[in-house]
Structure formats: C-alpha cells, structure tokens
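Based on the sequences and whatever the hints tell you, model everything.
For the protein sequence lines, the chains are A and B, in the order given.
Residues in the first sequence are numbered from 1 upward in steps of one, following the UniProt record's numbering.
Residues in the second sequence are numbered from 1 upward in steps of one, following the UniProt record's numbering.
Bear in mind the hints are in silico, worked out from the structure with no lab data behind them.
Heads up, a few of these hints could be off.
For identical chains, the list gives no copy identity; a pair is met inside one copy or between any two copies.
In silico lysine to any residue, SDA-like type, Cα no more than 25 Å apart, as pairs [claimed, not checked]:
{"#": "1", "residue 1": "K126", "residue 2": "G43"}
{"#": "2", "residue 1": "K13", "residue 2": "H106"}
{"#": "3", "residue 1": "K126", "residue 2": "D219"}
{"#": "4", "residue 1": "K13", "residue 2": "D115"}
{"#": "5", "residue 1": "K126", "residue 2": "S41"}
{"#": "6", "residue 1": "K240", "residue 2": "S256"}
{"#": "7", "residue 1": "K234", "residue 2": "Y250"}
{"#": "8", "residue 1": "K86", "residue 2": "S221"}
{"#": "9", "residue 1": "K126", "residue 2": "E138"}
{"#": "10", "residue 1": "K13", "residue 2": "R73"}
{"#": "11", "residue 1": "K13", "residue 2": "G105"}
{"#": "12", "residue 1": "K83", "residue 2": "L154"}
{"#": "13", "residue 1": "K86", "residue 2": "A158"}
2 protein chains.
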Amino acid sequence: MSFPQVEAFRGGKNLIRVVGHRGARGVLPENSMIGFDFTLSIGVPLLEFDVVLTADDVPVITHNHRLHAPTFRDASGQFLTGKEPKVSSLSFNQIQQFEIGRLDGHSDYGRRFPDQAQLDGVRVPKLQDLLDLINRPEYGEANLMLELKSDPDLAHDAAYLDRFVTCVVQQVRAAGLSDRVLLHSFDWTLLEVCQRQAPDMPSSYLTQLPENADDLGEDSSKAVCPDFRGQSEKIPQMVKQAGGALWCPYFADVISEDVALAKELGLCVAVWTVNEPADISRMIDLGVDAIVSDYPGRVQRHLSDLGMRWV
Amino acid sequence: MSFPQVEAFRGGKNLIRVVGHRGARGVLPENSMIGFDFTLSIGVPLLEFDVVLTADDVPVITHNHRLHAPTFRDASGQFLTGKEPKVSSLSFNQIQQFEIGRLDGHSDYGRRFPDQAQLDGVRVPKLQDLLDLINRPEYGEANLMLELKSDPDLAHDAAYLDRFVTCVVQQVRAAGLSDRVLLHSFDWTLLEVCQRQAPDMPSSYLTQLPENADDLGEDSSKAVCPDFRGQSEKIPQMVKQAGGALWCPYFADVISEDVALAKELGLCVAVWTVNEPADISRMIDLGVDAIVSDYPGRVQRHLSDLGMRWV
Numbered sequence: 001m002s003f004p005q006v007e008a009f010r011g012g013k014n015l016i017r018v019v020g021h022r023g024a025r026g027v028l029p030e031n032s033m034i035g036f037d038f039t040l041s042i043g044v045p046l047l048e049f050d051v052v053l054t055a056d057d058v059p060v061i062t063h064n065h066r067l068h069a070p071t072f073r074d075a076s077g078q079f080l081t082g083k084e085p086k087v088s089s090l091s092f093n094q095i096q097q098f099e100i101g102r103l104d105g106h107s108d109y110g111r112r113f114p115d116q117a118q119l120d121g122v123r124v125p126k127l128q129d130l131l132d133l134i135n136r137p138e139y140g141e142a143n144l145m146l147e148l149k150s151d152p153d154l155a156h157d158a159a160y161l162d163r164f165v166t167c168v169v170q171q172v173r174a175a176g177l178s179d180r181v182l183l184h185s186f187d188w189t190l191l192e193v194c195q196r197q198a199p200d201m202p203s204s205y206l207t208q209l210p211e212n213a214d215d216l217g218e219d220s221s222k223a224v225c226p227d228f229r230g231q232s233e234k235i236p237q238m239v240k241q242a243g244g245a246l247w248c249p250y251f252a253d254v255i256s257e258d259v260a261l262a263k264e265l266g267l268c269v270a271v272w273t274v275n276e277p278a279d280i281s282r283m284i285d286l287g288v289d290a291i292v293s294d295y296p297g298r299v300q301r302h303l304s305d306l307g308m309r310w311v
Numbered sequence: 001m002s003f004p005q006v007e008a009f010r011g012g013k014n015l016i017r018v019v020g021h022r023g024a025r026g027v028l029p030e031n032s033m034i035g036f037d038f039t040l041s042i043g044v045p046l047l048e049f050d051v052v053l054t055a056d057d058v059p060v061i062t063h064n065h066r067l068h069a070p071t072f073r074d075a076s077g078q079f080l081t082g083k084e085p086k087v088s089s090l091s092f093n094q095i096q097q098f099e100i101g102r103l104d105g106h107s108d109y110g111r112r113f114p115d116q117a118q119l120d121g122v123r124v125p126k127l128q129d130l131l132d133l134i135n136r137p138e139y140g141e142a143n144l145m146l147e148l149k150s151d152p153d154l155a156h157d158a159a160y161l162d163r164f165v166t167c168v169v170q171q172v173r174a175a176g177l178s179d180r181v182l183l184h185s186f187d188w189t190l191l192e193v194c195q196r197q198a199p200d201m202p203s204s205y206l207t208q209l210p211e212n213a214d215d216l217g218e219d220s221s222k223a224v225c226p227d228f229r230g231q232s233e234k235i236p237q238m239v240k241q242a243g244g245a246l247w248c249p250y251f252a253d254v255i256s257e258d259v260a261l262a263k264e265l266g267l268c269v270a271v272w273t274v275n276e277p278a279d280i281s282r283m284i285d286l287g288v289d290a291i292v293s294d295y296p297g298r299v300q301r302h303l304s305d306l307g308m309r310w311v
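Below, the structure written as structure tokens:
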C-alpha cells in the first residue's frame, strides 16, 4: 500500500527532497506562520514542525515542553528568566501573551541563528492555523511532517498519549488532510498509539544515537527515544518492524550502509537537521531521500548547482 | 524643508535603519517581487533596487545594463552564455522570456550567495509592480531607494537622461508615491536632471572611491561616478552642494570623520552593501543612519542584540 504523503518525501533519480525545519529557522522565527509561509513560497512544499498540547487541549506549534526562554518574550518585551513554565500548564490564551518573533542573542541558542529576521507581534500558532494555510489552493502540494512532542513527564501515561494523539488526529481529519500528513516522533510508544488511531497517517521514526550531543539549548529527546547502544546497525529493521514508513536519523549518525539497508526495506530516509554546507554535500552523496534543514534555500542552492531537483 | 522619505531613512538615538538591498539578495533572487515582499514582511520597510529602461521605454527592475548571465536563464532553462544582450535593445515582452529565480553556482557571482533560495517562474518585474506592492495598505510605511542605472554608453546624452528620468518620475507620480521615493544614483549628471524634473523627490548620492575593487560579477559604476581621487574627505560637502539629501558611500570607504561631517551638513548617511558581521558591527559603531544589506535579517539580529531599533 502506498501513501501519497510518503511518496512526497521520497527521493529518486536526480531528486532529493528539501524539508523546512520548523519552517525555516535559519531565516525566520521557528515554528511561526511567517516561517511556514516563507518556506512554501520558495517552492519547498515539505514542512517539519512540533506540536505540544496546552492545558486546554489545544495542539499548538512549539518545540519545547516549556516556554523556551531564548525565544519567548513576556508582555514587557523581555526574554523569560527563571524557571520556564510548562506549555501544558497554560491555556492557549495565556500562551498568546508571549511573543516568539525574536531570539535572545546573548544565549547559546540565539547565537546559533545569526541571520534570523527579528519580528514583533509573532505568537505561537495553533496546529489549526497551519492546516488552514496548507489548505489554500496555492499550497496544494504541501505535505506536513508533524512531530508529536510527548511530554517526558507523561511518556508512560497511556491515557495522556491517547488524548494527545486524538486531539491531533481529529484536527487533521477535520481539515481533510489525512493524506498529506506524516506523524513523526522520537517516542516509539506514542507512534504505536498513532498507528492504532490513524492507520491512514504513516509513521515517521526519529532516531538519535546516544553518543551524539544534543543541539545547544534544545529539549533532549533522549528521555523518550529508545536507547540504540550496541544495535545501531539494526535501526532500519527496527523502524520497519515497528511499522514505520520513514526513518529520520540525526544526520551525523548515518553511513551509506544504513541508507542502503533502509531503502531495501522500502523506508524513506529523511535526515535532520542539516545546515552546514559540507554536511549538506555529504547527505547528497549518501543519496538520502530528504534533507531537513533550517536553511532550505541553502539546500536548494546545493541541489540546483548539481542539476538536481527537490520537487 | 523636510521630506518624509528622507526622514524614513534617518537614524537616531538607538535607531539605525535597515535597507533591503535588491530586496534581500542573500535570501531570495535579487530584484524580484518575492524578495521585495519578503523584506517588507519581516518589518524592513526600506527597499533599495535598480531601474533600467527597456527598448519600449518600460522601467524594469534589474541591476545591469545587459542581461546578467549568472542570473538570467533562457526558455530552455540554461544560464546565458556568450555576449549578454542589452536591456535597452529588448522589449519588455522579450525580457519576460527569461527567468531570474536562480543563480549560476559555477560563476564567481553565484558563489557569493550560498543561501539564496532557488525558484522557477520568476521574471524581471516592472517598476510599476513594485509601486503597486507598496501601495497595499499593509505596506503603508514602505519607502523606496530607487536607483536609476544610467547606461554608460549614453551617460552624456542629455536627451536620453531626460527621457529616462521622465519615464520613472511619471510612474511614481501617477502611483501617488512621490513622498515615499528617493531618486538614487552614481551618476551626478543624472541626479541634476532628477532635481530639475522632480524637486519633490530628494536625491540620494552614491559614491565609491576608485581604489576599492568592484564586487565580483557586477556592472562597474565607475564609468558614471565622479572620480574623487585626492578629495575623498570633501565628498559630503560635494554631495550637499550638488543638492543631495542622502549620501550613500561604499561602506569600506567611510571613517567616523566622514559620518560626523555629513551629519553636520544635515545629510543622511546610508552605507552599502554591508553583509559581513564584523562590517555590520563597525557600521553600527560609526553611527550611520542606515545600513543597506543583502541580509536584512542579519542586520536586525545585530541591532536587536544591542537593544536598538530599525523602525
């Protein structure tokens, strides 16, 4: 059985897909509507982004479980200090009090994105806002890599996982977009719930080997990601067996044998988050299906120079 | 007498203006509508761009007098080779046969913009298209630094200069935008014509010292720019005497004495084209009024980190 949204991420002869990471974090505020719109408008129809549930069960688009201090400003325009509040402890309306259009340049995190445009008046979007955007006729080719960020404090709470998946799946179905969405996570238990609830929306399995450092200033996924120590060469089989359609390894983990094996198994290989020119080149040489990047334009430049396509 | 479009480019306490160079050449194809729209949408309301006249007297937005091979592709999708045709030898409809949404990565010019998004279906815009864009209600704060590129082959032809200025000025007036446009050029003779024809649209004087190399792969402006050898410290006075409201020096030419003198004379100082982080910092330290950059987001980041404004 073939799913259109899986084929949308599959590469081919002279074809490697480009996926905008959190929209286009290198260019515009991450997980913002203006960032998503930018990425689609440059002819990159594949978007990766993160969904978390608010206290009133609204799926919102933000990466961390807590309001991320280097990107969240309060009503007085100051970046948050002290203990970051949890998204799940705040209502959607409370979260709208914060702005997310700038980076704190004095933080390690902020220093990672020196070209990002700085905007005022930008707020955390709802999942619904993005579904509405890609339902516009001009974005009929858009497909979503919807990452469900399971709360590490609740990762073993079956009722929570069920409710989280239900909230997300219902919105996607109501928008008529179940054939344009992949459900994407580090949490293999959660992806099992996704497959049970939504067999029409294929699963995309994120992996990261424990020996690789987390990116600076980000929530670690290691609390929910399986520990692959000693069996890294078996990951493609494990993803296949778990029912995955895509395998999404951290780019630095991947060697050509992995890509060959995954392709043999019929998996699509989408590597993240590939920003440095030398890394982009190596991933192209490896023949991955898709490259997830904060700089989608930079990946287009590489592919264009090689006479390759991304759509 | 104070002109609103001059004040729109003037800095102040904690305020340095950001001007998008050819839209945002580092991010999107230069002198394209999508690039202009991007720059305005990130809250940078000041646009620099270049106007050349077609054979049928349509003011179009493109930098060089000849179709620039590293950015122009023919109907078969190939970058131009051989002698580049002159814009003034082609009708507007002929120019629309070419696409301008990609860079030739094998050219010196192309290598300068490794992050630029690569698009298909992008064509040379008319000046009219940009005037229509900034007449949209959401872009009511936008102001234009309209560079008139006088043909070096015709720089001494008074009838040509007159016709060129007339074509441009008529369109701006008809759009009701004469209070939001600066007429900007390296050609001081042409700016004289502008002042005669359009005293309501202030002049912005571009300068570049002859000892500085031209940027790779660009038309030289040295054929039309006065030769300042031996009198570089007098440039602000010369601009003032010529009737200028803005002085726009090449950033590497400027020292703090120049900025102080220009400000004393009431001139606005807008430096171009400032892309490297160290250069952006130096221009901020110099206290220029405005920074023209291919990476407007990068300049915003610098200013935001310093607690400074750009609007």
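Q. Is it within, between, both or neither when you check K13 against R73 at 25 Å Cα-Cα?
A. Cα proximity of K13 and R73: across copies only (23 Å, versus 45 Å in one copy).
Q) Given identical chains, is K126 near G43, meaning Cα to Cα at most 25 Å, within a copy, between copies, both, or neither? A) both (23 Å within a copy, 23 Å between copies)
(Q) I want to check one pair: K126 and D219. Are their C-alpha atoms no more than 25 Å apart within a copy, between two copies, both, or neither? (A) within (20 Å within a copy, 47 Å between copies)
Q: Please work out whether the CA atoms of K126 and E138 approach to 25 Å or closer within one copy, between two copies, in both situations, or in neither?
A: both (21 Å within a copy, 23 Å between copies)
Q: Using 25 Å as the alpha carbon limit, work out where K13 and G105 are close: within a copy, between copies, both or neither.
A: between (41 Å within a copy, 21 Å between copies)
Q: Evaluate K13 and H106 at a C-alpha cut-off of 25 Å and name the case that applies: within, between, both or neither.
A: Intra 44 Å, inter 22 Å, cutoff 25 Å: inter-copy only.
Q) Given identical chains, is K86 near S221, meaning Cα to Cα at most 25 Å, within a copy, between copies, both, or neither? A) within (16 Å within a copy, 57 Å between copies)
Q. Between K234 and Y250, at a C-alpha cutoff of 25 Å, which is it: within one copy, between copies, both, or neither?
A. Within. Shortest intra-copy distance 15 Å satisfies the 25 Å Cα cut-off; inter-copy 57 Å does not.
Q. What label fits K86 with A158 when the C-alpha limit is 25 Å: within, between, both, or neither?
A. Within one copy, since 20 Å is at most 25 Å while 69 Å is not.
Q. What label fits K13 with D115 when the C-alpha limit is 25 Å: within, between, both, or neither?
A. between (33 Å within a copy, 24 Å between copies)
Q.
With identical chains, the pair K126 and S41 could be close in the same copy or across copies; at 25 Å between alpha carbons, which is it: within, between, both, or neither?
A. both (20 Å within a copy, 21 Å between copies)
Q | K240 and S256: within-copy, between-copy, both or neither at 25 Å Cα | A | So K240 and S256 pass the 25 Å test inside one copy only (18 Å; across, 64 Å).
Checked against the numbered hints listed earlier, the structure breaks none of them; every hint is satisfied.
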